[in-house]
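Each step along the sequence shown adds one to the number in my numbering, with nothing skipped, and position 110 is 117.
Since the hints were derived computationally from the structure, they do not count as laboratory data.
Don't be surprised by glycine CBs; every beta carbon is placed ideally from N, CA and C.
Check the hints yourself; a few may be wrong.
[To be verified] Below, in silico cross-link-like pairs of lysine to aspartate or glutamate (EDC-like), each with a Cα-Cα straight-line distance of 16 angstroms or less:
1. Lys-56 x Asp-68
2. Lys-80 x Glu-139
3. Lys-80 x Asp-27
4. Lys-123 x Glu-87
5. Lys-99 x Glu-46
6. Lys-60 x Asp-86
[Unchecked claim] Label-pair distances were calculated between CB atoms; the ranges are:
7. Lys-123 x Thr-96: 26 to 32 angstroms
8. Asn-108 x Leu-69: 36 to 42 angstroms
9. Lys-56 x Arg-167: 21 to 27 angstroms
10. Ala-64 x Asp-142: 23 to 29 angstroms
11. Pro-147 x Glu-71: 40 to 46 angstroms
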Amino acid sequence: MAGDYAQMRRDIWGDSDWTDLSPMAQWLYWVITTDPKIELTGVADWRPKRMLKKAAALTVDLFEAAAEELQAKAFIVVDEDTEEVMIRTYVKHDDLLKSPNMGRAIARLYPTIASKTLRGVLVHELHKLRDEQPDLKGFPALAQVMMNARIDARELVAERFAA
Numbered sequence: 008m009a010g011d012y013a014q015m016r017r018d019i020w021g022d023s024d025w026t027d028l029s030p031m032a033q034w035l036y037w038v039i040t041t042d043p044k045i046e047l048t049g050v051a052d053w054r055p056k057r058m059l060k061k062a063a064a065l066t067v068d069l070f071e072a073a074a075e076e077l078q079a080k081a082f083i084v085v086d087e088d089t090e091e092v093m094i095r096t097y098v099k100h101d102d103l104l105k106s107p108n109m110g111r112a113i114a115r116l117y118p119t120i121a122s123k124t125l126r127g128v129l130v131h132e133l134h135k136l137r138d139e140q141p142d143l144k145g146f147p148a149l150a151q152v153m154m155n156a157r158i159d160a161r162e163l164v165a166e167r168f169a170a
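Assemble the whole structure, with the sequences as input and the hints as a guide.
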């Protein structure tokens, strides 16, 4: 698990992708981000019935609409088959790879992700982060992980929501 605290970046309110989300989608994002079982990989359990219990008067329709919105805008990636959800930019925004120990921890957690899709998305996001910040100290420990197949979450969105 990622720890007792979640990083909540104040600059998120200057991100138009974030402020374009509905209040319910923002709420669901924070529910996932602050889940006590979220891993350093940004992966948590996807159990909507349990998540519905986190707020009074929350309906299945509201929850599903928020989840669809977050997926359509690639904030999250859900694998229904493995009951996992990933905050796509969790590793980037939590500044985890500033430490070599965090790189090793993520490498150890990588095989625990049941979803091939989420593993591929993580690898893709790690490559993007390395392109942006190549000097982060956690990357050497991730060399083996980063040799795996990459999946761009935005391409998944384009495939899923193209109609």
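Hints and how they fare:
| no. | hint | in the structure |
| --- | --- | --- |
| 1 | Lys-56 x Asp-68 | holds (12 angstroms) |
| 2 | Lys-80 x Glu-139 | violated (21 angstroms) |
| 3 | Lys-80 x Asp-27 | holds (10 angstroms) |
| 4 | Lys-123 x Glu-87 | holds (12 angstroms) |
| 5 | Lys-99 x Glu-46 | holds (14 angstroms) |
| 6 | Lys-60 x Asp-86 | violated (21 angstroms) |
| 7 | Lys-123 x Thr-96: 26 to 32 angstroms | violated (20 angstroms) |
| 8 | Asn-108 x Leu-69: 36 to 42 angstroms | holds (39 angstroms) |
| 9 | Lys-56 x Arg-167: 21 to 27 angstroms | holds (23 angstroms) |
| 10 | Ala-64 x Asp-142: 23 to 29 angstroms | violated (48 angstroms) |
| 11 | Pro-147 x Glu-71: 40 to 46 angstroms | holds (41 angstroms) |
The structure does not agree with the numbered hints 2, 6, 7, 10 stated previously, though it agrees with the rest.
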